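Trainee: Turn these sequences into a full structure, and let the hints steer you where they fit.
Number of protein chains: 2
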Amino acid sequence: MNLKERKWCGWGWIQGPDLLKDKRSAFWNWLRDLSGFEELPHTSPIEITSIQMKSPELPSSLVSELESKITQGRITTEPIERIIHARGKSYPDTLALRSGELPNVPDIVIYPKSKEEVIEIVRWAFLHRVAIIPFGGGTSVVGGVNAIKDKEHIGIATIDLRDMNRIIGLDSKSRIACAESGIEGPLLEELLQKEGFTLGHYPQSFEFSTLGGWVSARGAGHQSIRYGKAEDWFAGAEIVSPPGLWKTEAFPASAGGPQIKDLIPGSEGTLGILTNIEFRIHPLPQEKYYTAYIFPSFEVGIEASRELMQTDIPLAMIRLSDSHETFFYTAMQMGGGDPSTIPQFCLMLIGLEGDAPSVTAGRQIVEGIFMKHQAISLGEGIADQWFKQRFLLPYLRDEMLDYGLGVDTLETATRWSQLLDLYEAIYKTIRESIEKDPDQKPKYPIVMAHLSHAYLDGASLYFTFVFPRSLNDPVHQWQRIKNSASDVIRYHGATISHHHGIGTDHKPWLTNEKGALAYELLIQIKSQIDPQNILNPGKLF
Amino acid sequence: MNLKERKWCGWGWIQGPDLLKDKRSAFWNWLRDLSGFEELPHTSPIEITSIQMKSPELPSSLVSELESKITQGRITTEPIERIIHARGKSYPDTLALRSGELPNVPDIVIYPKSKEEVIEIVRWAFLHRVAIIPFGGGTSVVGGVNAIKDKEHIGIATIDLRDMNRIIGLDSKSRIACAESGIEGPLLEELLQKEGFTLGHYPQSFEFSTLGGWVSARGAGHQSIRYGKAEDWFAGAEIVSPPGLWKTEAFPASAGGPQIKDLIPGSEGTLGILTNIEFRIHPLPQEKYYTAYIFPSFEVGIEASRELMQTDIPLAMIRLSDSHETFFYTAMQMGGGDPSTIPQFCLMLIGLEGDAPSVTAGRQIVEGIFMKHQAISLGEGIADQWFKQRFLLPYLRDEMLDYGLGVDTLETATRWSQLLDLYEAIYKTIRESIEKDPDQKPKYPIVMAHLSHAYLDGASLYFTFVFPRSLNDPVHQWQRIKNSASDVIRYHGATISHHHGIGTDHKPWLTNEKGALAYELLIQIKSQIDPQNILNPGKLF
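Protein chains in written order, with our numbering: chain Y, 68 to 608; chain U, 68 to 608.
Heads up, a few of these hints could be off.
Remember, identical chains collapse to one label, so a pair may be satisfied in a single copy or spanning two.
Claimed, not checked - In silico SDA-like pairs for lysine to any residue, Cα to Cα no more than 20 Å straight-line:
| no. | residue 1 | residue 2 |
| --- | --- | --- |
| 1 | K218 | E466 |
| 2 | K240 | H559 |
| 3 | K240 | L487 |
| 4 | K314 | S127 |
| 5 | K355 | G448 |
| 6 | K593 | A583 |
| 7 | K593 | E316 |
| 8 | K71 | S127 |
| 9 | K439 | I234 |
| 10 | K240 | L194 |
| 11 | K574 | E316 |
| 12 | K355 | M399 |
| 13 | K88 | G402 |
For the record, the hints were derived by calculation from the structure and aren't laboratory data.
The model shown is predicted, which means the values in this text are computed figures rather than measured ones.
Mentor: Okay, here's the thing in structure tokens:
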């Protein structure tokens with residue numbers, strides 16, 4: 068992996084974008100005022116070279132044994148490699164990396180080149196009880212790739228799959244492609260688009276996350292309405308587990324009993340290492356139309372979204388910000404604003420993709436429904452701007468962390484009939500949790516949300532919250548907010564995650580979500596495939 | 068159950084439809100000639116009253132124990148009840164019923180009225196090791212409801228769920244309804260349509276099969292393109308298993324680990340008894356348009372079907388008959404025809420459902436694609452006629468069985484790129500297997516197929532075959548044909564069933580289809596939930 072251009076403890080490229088431009092100082096002054104700080108503290112991360120790590124625990128004889136079985140030079144113990152593979156990109160991951168407090172790091176990092184090498188690695192790990200952690204983009208925000216092992220394991224090997232990045236089949240008639248799991252978003256789309264196809268999966272992490280990661284965490288791209296969540300476009304896989312290499316069903320449809328294939332999306336590396344993945348592709352759309360509207364309230368916007376989802380038009384995206392998010396993005400452009408008088412207006416971005424006549428007909432239906440709901444068209448400019456900046460917002464988080472702030476996101480999904488109640492309850496609890504902090508008293512906590520993935524029967528809600536960071540115990544501060552929101556989500560019968568996954572951070576709510584019997588079933592499935600729990604231990608289970 | 072009007076050993080109502088009308092004698096003479104019989108034999112079923120059954124094995128004290136726990140009069144040992152619940156509607160089931168050779172019948176048949184009664188029944192069965200077989204319409208054509216028990220079981224209780232037939236919730240905003248699993252198609256649609264909704268699930272068995280059966284066997288209705296297979300519209304369930312009552316996830320979408328919900332469709336009663344089922348519903352379509360075309364060949368028809376599936380129009384159904392089926396249905400109307408000169412023409416029925424502008428726009432796209440493929444429009448009359456008769460064809464099977472013929476169907480699915488090869492291979496093997504029969508030499512075996520459920524990535528194939536029945540050993544004769552076709556399906560990597568399920572009849576091919584590890588996983592899941600194997604033993608596993 069070429070690490071030089073990537074941040075070791077934050078999001079993306081070292082040479083990141085400048086989102087704030089000439090509004091930079093106004094924006095930070097505004098955040099300072101909202102946060103209740105007199106001055107924004109300077110809280111830079113530690114220098115990577117000063118991080119003290121424990122020495123690798125894996126005996127070097129075992130490492131040599133593995134070295135003899137795979138291509139030379141594919142195993143590394145470089146400190147920087149061990150550090151960047153120790154954690155993902157969650158808020159607590161970032162706090163840990165920035166502080167250099169990393170009690171657990173992988174002993175070695177392996178970059179296999181082929182399925183055959185993955186088989187050798189898993190066999191070796193099983194024989195010696197080494198915890199193995201499959202690692203794609205490392206962009207998990209729920210602790211999905213954290214270096215964790217059981218007591219019985221003699222060490223941790225992280226398997227970085229990004230050198231397994233080939234497309235190995237494309238059935239253009241059946242619109243199914245097959246690729247190695249470590250391929251990153253940009254390369255995958257480049258290769259597919261050369262053939263006139265797209266997977267259409269563009270999550271915010273697109274530039275860095277991998278095909279395998281998307282499937283493992285049941286990810287969702289911005290255009291999930293048209294292209295599906297990972298579990299929808301996932302068509303089958305080859306998997307390496309301790310018992311060996313296996314292949315799931317891969318039929319257009321089947322009545323051949325429960326489909327074991329369906330257990331793979333969301334398995335987060337705990338059932339095996341995905342080597343090849345088959346997935347549904349689409350010809351590049353003839354036409355794309357993205358535009359923006361303002362709705363009189365979040366409730367009205369939700370109602371319009373539901374009506375739209377229940378039509379036949381070729382919708383690709385609905386992204387409805389609540390009034391707080393609408394206000395925040397305006398303030399970001401303007402360099403500030405008065406939060407005590409936030410108007411009820413809500414911004415909606417909407418996208419259609421498909422053949423030209425369907426998109427044209429769809430636009431008319433959108434306009435009809437939106438007119439009924441008194442929405443005002445803002446035109447295509449704002450949507451264009453969002454489209455250009457859609458992968459950039461995570462960069463702002465690192466800057467906030469540099470200035471004594473905390474920021475996190477969380478998301479869920481529920482049915483249309485429950486959506487507004489759930490939204491209000493989560494908003495309230497996050498805001499109250501932030502305000503109840505013993506150390507930090509913000510003047511105005513930033514809590515905002517959008518609806519971003521919609522279905523016939525319901526939709527997802529995505530919350531972002533910014534708060535003055537407790538400098539004594541930021542992890543505990545975060546955990547308190549996270550717990551309160553997660554409890555409310557489960558109390559309302561909604562899912563603990565719509566597309567981020569479970570990892571370590573959502574585990575406490577998973578038993579309740581599944582129910583005791585179903586959770587026990589999952590554990591049985593896991594132990595049947597991985598009796599020594601070497602596959603990504605500590606995640607999901 | 069009111070049994071008086073239903074056939075005990077065949078399909079449907081005793082007063083069945085007359086499909087042949089004035090072509091009756093011509094049709095049977097034609098079949099006689101094709102079959103190579105000099106005279107069609109008269110092979111009526113046995114009288115039900117002369118069937119010798121073994122006495123119930125379940126001790127009467129146990130039956131009394133259960134009687135004390137549920138509503139009085141819900142348990143029966145009537146011979147007719149035990150007979151009609153002994154088997155489903157497969158060809159070997161029908162042969163067994165007609166001959167009266169029923170080595171296994173349920174000891175008792177129970178008609179629970181509520182979820183609470185199902186809980187009592189399952190608890191009782193678990194305590195005493197009684198095999199329990201959930202029974203909906205009893206329309207399985209793969210042995211899915213056959214009375215089978217393990218050696219350790221002390222008896223068999225079939226649980227007929229058809230008195231659990233209420234709709235218990237309808238969330239019109241989220242377009243989700245919830246009903247008891249024993250509700251039959253006509254009542255379900257009647258109740259939904261009163262509220263302006265439809266499930267849109269119309270399998271050939273629609274008049275008799277139940278919501279629970281559809282989910283259990285991953286069924287597909289004729290309009291599956293629009294409304295989905297059972298696993299698509301299935302949104303969640305309550306299930307009674309030996310460990311107790313449990314509820315699956317029921318989210319619009321989730322990243323909360325693998326969804327245990329996905330194990331329910333296709334579980335065929337082996338993981339528990341479904342009591343309540345949540346499912347996605349749709350408003351009644353504003354417009355329906357069904358019409359017929361003739362294609363120059365099956366290959367061209369397949370190509371046109373694929374192109375159509377890969378557009379954005381509101382397709383509900385594509386049903387493309389091969390040249391043999393096209394010929395057979397014409398012959399049925401005409402009272403005969405010369406099979407040695409079957410033209411290559413293939414009939415396609417196509418249906419669109421949706422809002423009026425989408426249907427209108429869709430028609431134009433259909434016409435454009437079909438014109439390119441030199442299809443000829445036959446207009447709406449033939450489609451209307453099919454629509455009216457679509458549940459009636461199974462009645463013809465009973466008449467064929469009365470006249471010394473055998474008839475069965477089988478189905479599979481594969482990707483578009485494999486479809487024609489698979490079709491040709493299955494056609495060839497069925498035909499050769501029929502011709503190789505040592506007893507019966509047909510002049511012209513009837514083997515025909517249609518494509519009837521289509522997806523972006525592939526489609527299903529449905530074969531029907533009619534042959535002179537071996538009167539010595541009809542089961543062995545059938546098994547030989549079935550084996551040859553099933554082996555070819557698996558050899559080509561296609562699924563052993565697209566919508567009929569596994570039951571007993573497809574079990575020999577399931578391990579190969581799943582692969583050893585995945586099949587072992589399924590067994591683990593089963594034994595975790597049902598360690599005594601009391602839930603529908605002998606099916607799937």
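Trainee: Does each hint hold? Answer for all of them.
Mentor: Results of checking the hints against the structure:
Neither within a single protomer nor between protomers do K218 and E466 lie at most 20 Å apart by alpha-carbon distance, with minima of 37 Å and 69 Å respectively. With identical chains, the CA atoms of K240 and H559 are at most 20 Å apart between copies only, with a shortest distance of 17 Å across copies and 44 Å within one. When the C-alpha separation of K240 and L487 is checked against a cutoff of 20 Å, the pair qualifies only between copies, where the shortest distance is 12 Å, while the shortest distance within a copy is 43 Å. Proximity of K314 and S127 under a CA criterion of 20 Å is satisfied in neither setting, with 33 Å inside one chain copy and 49 Å between copies.
When the C-alpha separation of K355 and G448 is checked against a cutoff of 20 Å, the pair qualifies only within one copy, where the shortest distance is 14 Å, while the shortest distance between copies is 39 Å. Taking identical chains as interchangeable, the C-alpha atoms of K593 and A583 lie at most 20 Å apart whether they share a chain (15 Å) or sit on different chains (16 Å). Taking CA atoms no more than 20 Å apart as the test, K593 paired with E316 passes in both settings, with 19 Å inside one copy and 19 Å between copies. Proximity of K71 and S127 under a CA criterion of 20 Å is satisfied in neither setting, with 27 Å inside one chain copy and 79 Å between copies.
Within a single copy, K439 and I234 get their C-alpha atoms no closer than 47 Å, and across copies no closer than 33 Å, so neither meets the 20 Å cut-off. Taking the closest pair of Cα atoms, K240 and L194 never come within 20 Å of each other, the shortest separation being 43 Å inside a single copy and 54 Å across copies. Within a single copy, K574 and E316 get their C-alpha atoms only as close as 28 Å, which misses the 20 Å cut-off; across copies the closest is 16 Å, which meets it. Taking the closest pair of Cα atoms, K355 and M399 never come within 20 Å of each other, the shortest separation being 27 Å inside a single copy and 50 Å across copies.
Only within a single protomer do K88 and G402 lie at most 20 Å apart by alpha-carbon distance; the minimum there is 10 Å, versus 82 Å between protomers.
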